[in-house]
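Single-letter residue listing:
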Amino acid sequence: MATTEKTTKPQHNKMLNATQGLKNIMGRHFLAIEQAYRDGKPTAWATSGSPVEMLYAMDVQPMLPENSATVSAAQKYSKNFIEIAEAEGFSYDLCSYFKTNVGAVLSNAGMTEGGTRKPTFMLSTDVICDTHVNWFQVQAERFGVPHYSIDVPHVVSNTSNRQYNYFKKYITEQLYEFINFMQEVTGHEYEEEKARKVTENSWNLSEEWKRIYELRKNVPCPISTRDTFGGLFPLFCMPGLKAPIKLYKRMYREAKERVDKGIGALKEEKYRLLFEGIPFWYALKYFSTLEKYGAIIVYEPYTYAFSKYMNPKVTKEMVLSKPIEAMSELMLSFWYIYDLKTRIKKFAETVKDWKIDGVLMHENLSCRPNSCGLYDLKRHLYDDFDIPSLIITADMNDPRKFNETQVTNQIESFIEILEQRRKS
Amino acid sequence: MQKIGIFDSGVETPEEIIMAAGLVPFRLFGDPTIEPEKANEHIPPTHCIWTRNLLEQAILGLDEDIVGIVSSHGCDRTNREFDIWLECLDYKFMYFLNAPRKRDDLALKFFLDDLNEFKDQLQETFKVEISDSKLEKAIQKMNKVRALLREISEFRSKYLIKGSEFHALVKKAQQLPKNEVLDLLSTRLNELKKAQNSLRDGMKPILLTGSDIDDSEFLVLLEKLGFHVIIDDLGVGTKYFWDSVNENEMPLEAIAKYHLEKPIHSTKFPSYERFEVLERLAKKYEVSGVINVAQKFCEPVLYDHPYLKKKFKELDIPYLFVEMTYNRESYSQLSTRFSAFAEMI
Numbered sequence: 000m001a002t003t004e005k006t007t008k009p010q011h012n013k014m015l016n017a018t019q020g021l022k023n024i025m026g027r028h029f030l031a032i033e034q035a036y037r038d039g040k041p042t043a044w045a046t047s048g049s050p051v052e053m054l055y056a057m058d059v060q061p062m063l064p065e066n067s068a069t070v071s072a073a074q075k076y077s078k079n080f081i082e083i084a085e086a087e088g089f090s091y092d093l094c095s096y097f098k099t100n101v102g103a104v105l106s107n108a109g110m111t112e113g114g115t116r117k118p119t120f121m122l123s124t125d126v127i128c129d130t131h132v133n134w135f136q137v138q139a140e141r142f143g144v145p146h147y148s149i150d151v152p153h154v155v156s157n158t159s160n161r162q163y164n165y166f167k168k169y170i171t172e173q174l175y176e177f178i179n180f181m182q183e184v185t186g187h188e189y190e191e192e193k194a195r196k197v198t199e200n201s202w203n204l205s206e207e208w209k210r211i212y213e214l215r216k217n218v219p220c221p222i223s224t225r226d227t228f229g230g231l232f233p234l235f236c237m238p239g240l241k242a243p244i245k246l247y248k249r250m251y252r253e254a255k256e257r258v259d260k261g262i263g264a265l266k267e268e269k270y271r272l273l274f275e276g277i278p279f280w281y282a283l284k285y286f287s288t289l290e291k292y293g294a295i296i297v298y299e300p301y302t303y304a305f306s307k308y309m310n311p312k313v314t315k316e317m318v319l320s321k322p323i324e325a326m327s328e329l330m331l332s333f334w335y336i337y338d339l340k341t342r343i344k345k346f347a348e349t350v351k352d353w354k355i356d357g358v359l360m361h362e363n364l365s366c367r368p369n370s371c372g373l374y375d376l377k378r379h380l381y382d383d384f385d386i387p388s389l390i391i392t393a394d395m396n397d398p399r400k401f402n403e404t405q406v407t408n409q410i411e412s413f414i415e416i417l418e419q420r421r422k423s
Numbered sequence: 000m001q002k003i004g005i006f007d008s009g010v011e012t013p014e015e016i017i018m019a020a021g022l023v024p025f026r027l028f029g030d031p032t033i034e035p036e037k038a039n040e041h042i043p044p045t046h047c048i049w050t051r052n053l054l055e056q057a058i059l060g061l062d063e064d065i066v067g068i069v070s071s072h073g074c075d076r077t078n079r080e081f082d083i084w085l086e087c088l089d090y091k092f093m094y095f096l097n098a099p100r101k102r103d104d105l106a107l108k109f110f111l112d113d114l115n116e117f118k119d120q121l122q123e124t125f126k127v128e129i130s131d132s133k134l135e136k137a138i139q140k141m142n143k144v145r146a147l148l149r150e151i152s153e154f155r156s157k158y159l160i161k162g163s164e165f166h167a168l169v170k171k172a173q174q175l176p177k178n179e180v181l182d183l184l185s186t187r188l189n190e191l192k193k194a195q196n197s198l199r200d201g202m203k204p205i206l207l208t209g210s211d212i213d214d215s216e217f218l219v220l221l222e223k224l225g226f227h228v229i230i231d232d233l234g235v236g237t238k239y240f241w242d243s244v245n246e247n248e249m250p251l252e253a254i255a256k257y258h259l260e261k262p263i264h265s266t267k268f269p270s271y272e273r274f275e276v277l278e279r280l281a282k283k284y285e286v287s288g289v290i291n292v293a294q295k296f297c298e299p300v301l302y303d304h305p306y307l308k309k310k311f312k313e314l315d316i317p318y319l320f321v322e323m324t325y326n327r328e329s330y331s332q333l334s335t336r337f338s339a340f341a342e343m344i
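Going down the list, the sequences are from chains Z and F.
Residue 23 in numbering that gives the first Met the number 0 sits at position 24 of the first sequence, with consecutive numbering throughout.
Residue 232 in numbering that gives the first Met the number 0 sits at position 233 of the second sequence, with consecutive numbering throughout.
There could be a bad hint or two in this list.
As the list claims (entries may be wrong) - Derived EDC-like pairs: lysine to aspartate or glutamate, alpha-carbon spacing no greater than 16 Å straight-line:
1. F:Lys309 x Z:Glu140
2. F:Lys308 x Z:Glu85
3. F:Lys308 x Z:Glu140
4. F:Lys309 x Z:Glu85
5. F:Lys295 x Z:Asp92
6. Z:Lys344 x F:Glu86
7. F:Lys308 x Z:Glu87
Said to hold, decoys possible - Just so you have them, the derived chain Z footprint on chain F, three or more residues with Cβ under 8 Å:
8. 68 to 75
9. 129 to 140
Please keep in mind that the hints were generated in silico from the structure rather than gathered at the bench.
By construction, the Cβ of each residue, glycine as well, lies at the ideal position given by its N, Cα and C atoms.
If we strip away everything but chain F, and leave its shape as in the complex, we get:
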C-alpha cells in the first residue's frame, strides 16, 4: 500500500486528505540509535538534532512503500530543511504545507487555501479524485481513532496502562493503516476495561511536555526512575487526539478548524497559551510535577522555558527542564537530574 511520509514537528498534517486519496499517512519518527552522519553534510551540527536524524534516515532510505513526502511548517527548521530534502530525495510528490503560525480567522482562510492546494496536488500527482464524500469517510475514521485514543489515555490516570505503552500505541496510530489501528486500539481498550492490576506502586504522576518526544524508550527510563506519565501535551500524545473534527461542516473547513483550535504548540503564536493547557492538565490530573524536555537546539521550546518555569512556580507545581541529545546514552546521563527531581516531589 502506497504511503505518504509525514515530516511534522507537531501534528498538523491533515491525514484525512491523504487517506481520501487512497494513500496511507505515515508519520516519520527519529531513530535514536543512529548518528546523523550523512545529514551533517547538509545541515550544521548545531541545528535541531531530531530533524537531522530524519534526514539521515531519508538519505539512507525510508520505508519502501513511501511514494511522497509532506512536510508541515513547524519551526524554521522545517521550511529551510525542506529544500534540502528536495535536494537529497527523488519522490514524485513533495509538498511543503504552510500550517499557519497564527490561529485567527485570516490564518484559517489561508490554511484552507493551502489544504485545497495540497488536495489538488495529490489529485494531480496520483491521478485520483478526492471527493467530499471520501473526505467525510476519512474524517469519520480518524475521529474513531481519536476517540479510542482518548478513552485509552484515561486509563493512564487509573494506573492501568503505562505511559510508555500508551506512547508506543500513539506512534503506531500515526504509522499503520487506520483500519489496523482501529482493530489494535479496540482490542487494547477491551483488555483495559477488564484490567484490575494497578501499576501505581509508588509511581509519581507527572505531566510531560516539551519537544515532540518520539522515542518510547525515554518514557521507559522515566518509569524506571519512578515517574508515571499520567498526561502529556505532545504530538505523540494528547495533541494527536485532543478533540474530533466536526462531521457536520464542509470537510476541508472542518479539518482546518480542528488543527487551529487544538492546544497550541511552542512553534506557533502565541505559544505562551500553551501554559493555559498545561495548567489545566496539571490540575485535572493532580500531577506531582511537570517535566519539560527540549531536544538539543529545539529553539521554540527553549524560548518558552523561562516563562513556563515562572508560571509553574506561581502555581507551586514542581517543574524540571532538561535539554536532551537525541540518543539513548544521553538519556542515562540525565538520570541523576531526574532522580533528584523524583526525590524532591
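If we strip away everything but chain Z, and leave its shape as in the complex, we get:
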C-alpha cells in the first residue's frame, strides 16, 4: 500500500496519472484505423451522436472527423486548415470543425495533424446539428463514397408522448434500414450476438464515466477538465470496445483515492463552476488559468452528455435485448440537444447536485444549435434559481475568434461577483 501511495501520490493542479493512459488508448484507435486500411476492412466516417456501436457491431472501423478536428486544433493546425476551406468558398461563419476537416483533407494531412482518410462510406445524423449532414454531404461528394444519414425528429418543449412515440418509430426504422445499407456496402452480416457484446461494452463504458462524474460531486472536486476534456474521446470513438473501460476504471480508482483522502484537483477550491459548451481546443491550457482564482470546473454537460445512457427509461436489460430500439430512444433524449424547458430543469438539478457556484456558458460561434437558448437559460437560472452565469463568446476550433484578453476580463469580473455573493 505504501508503495502504491508513493507511485500514485495525488498531486494538485495535475491530471490523474491514469488519464495519461488516454494517449495509449487513442493511439490504439489510430492504429486500428491504419490496420483496417492495411487489411482492406471497411471503414466509415461517423458524426458524433450517431450510433457508432452499430459500426463496431458490423466490423466496420469508425473514424470521427470531429475528434480529428480537435487534434488539429490542439496541434495548432486548425487555423491553417480553416483558411484553406474558406479559400474553397466556405463562409467565415460556418462550423470550424467542418472547415478544419475540409482543409485537412485538401492538405492530405496525416492522422497526427487531424487528417482523416477516405472511408468506405459515411454515416451522419442531424441529432446534434444540420452541419453534420451538410458536412458529410460535402465530403462524400468529394470522395465519391456512399452516405447514409439518419433523420432525427426534433423534440421541443411541448412535444407530447404521442409524438415522441412515432418519432422513435421513425428512427428505429431508419436504423434497420442502415443495417441493410451496411450489409450491401460491406458484404458483412449483422450478428445479434456481436451487437449485444458491443452494446454491453458501450453500456459499461458509460457507467464508468458516470461513476467518475459522481465523484465530482465531492468537495473538493477530485477531477478537473484536464481529465474530462480529453477523457471524453473514447466515448466518441470507441463505444463498444473493452480497452477504454479499463482506463475509466483506473481513472475512477485514482479519483476515489483523492476523495477518500480529502484531496482536490485544486489545492484550494473556492468556486465550483459548470462549463456549458464545447471547449476551445486550441487553447485548452486557458482553462487551467481559472485555478489562479481558486475556481474549478466540476461539470460539463458536453462531456457528460456523451456518456449517452442517461435516459432512465433505457435500462441495461433493454439495451441488451433491444439494442436498436434503445439506440432510437437515446438519440431522442440526448443531453446535448435537450429542449429549452428540459435544459433549464436539468441545469438547475445539476447545479444543486454538484454544488455549483456559477455557470460559464460558451456562446460558440461555430455551434449555433448549442448557443441558441443560452440567453433564456441564463435568465431562468438567475431569476428562478439564483444561479449566476457568464456568457463567453468564442469558437471551439477557430483561434481567430478567441479574444483571450476580453475573456479573461469577463471571467475576472465574474469571479468578483461570486466572491461578493459569498461574502453576503
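Chain F: place on chain Z using the hints.
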C-alpha cells in the same frame, strides 16, 4: 377571421389542413425596416437574421387575428428557436411540425404521422372537425391557387410581368384568405392575357436562388440594375406552386407526398439535388446568369454554395453568390457587385 401564423423557412406547411379547420393560413414574413432589438435578448446576433426578425415582430405583436403558430422544421434555427417562441408568446395553439429532412418512403410515413398529429391538435384546440371532405375541398382550392400562379409565372418569361410584381403576388397568396387570392390572381391573369407591352428593354434574364427572399424590394433593386428574375426556386416563388396535390388519393397522404416530391430546399437531404432543378430551370428559361443569395448566417445555403459554384462553372453559366444582411441599406451596398455581374453577363 382567425388565422394561423406560419413560421416556415421553406414552404412545407400544409395550408390545406389549416383551411379545413376553418382557419386562414398566414405565412409570416420578415420586415427589413426593423432591427431585431428584442429578439437579440433571446438569440445571439450571429444567428440567422431572418428568424430573429420574425421573433422581433412576434414579441412586438403579430396580426391581431392570429390565434396560433405552426413552425415547420427547416434548419437548426426553426426547432431551437421554437422553444424561445414558446417562452415569448402566449397563443393557445403552438405546433412544431417535423417536416422530415429526407424524402424517402420512411420519411413519408413519418410525415404522415406528424400531419395526422397536427390535424388532431388543431381539432382538439379549436373544437372543429377536419373531415376528409373538408380536406379535399381545401386541396382543390389550393390547387387552383397553384395553377393560377404557375400560369402567371410564365408571363415572366414573356416579359409581361416584372419579377418583383410576381414575387409580391406570391406573398399575398401566402397571407390572404384563399378566396380573395383566387379573385386577385384571376383578375391579374386576365389582364396579362391581354397585355402586349414588353418589359424586356435590355433586361438580363436571371435565375434567383438561395435563402427564402421575402422582400419584394430586393427584386426591385435587381430590376433597377438591369436584371429580370425570369425564374426562381424560392419558397416565395416556384416552390410554392411547383405542382399540384393529387386529388385522387387520400388527402393527407397526397399532401405529404406533394411536399416531399417537390424540388428540394437547402435545408433538406440531399440538398445537392437542388442543383438538378436549378440546371433544368436555367436551361429552360435560357438565363444569362444565376444569382444565389444567402441571408447572413443562413448555414444551409452557405454549405451548398461552393458545390453550386462548381457545377455552374461546368455548365459555363455565370453565377454570382452574395451574403446579404436583412435590411434595405445592405441591398444598396451590394449594388456594385450586382452591377459588375450585369456587365459580365
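Results for each hint:
1. F:Lys309 x Z:Glu140: Holds: Lys309 of chain F and Glu140 of chain Z sit about 12 Å apart, inside 16 Å.
2. F:Lys308 x Z:Glu85: 14 Å, holds
3. F:Lys308 x Z:Glu140: 14 Å, holds
4. F:Lys309 x Z:Glu85: Distance of about 15 Å is within 16 Å: holds.
5. F:Lys295 x Z:Asp92: 9 Å, holds
6. Z:Lys344 x F:Glu86: OK: Lys344 of chain Z and Glu86 of chain F at ~14 Å, within 16 Å.
7. F:Lys308 x Z:Glu87: It holds: about 10 Å lies between the C-alpha atoms, which stays within 16 Å.
8. 68 to 75: Three-residue rule met by the region 68 to 75 of chain F, so holds; n is 3.
9. 129 to 140: violated (count 0)
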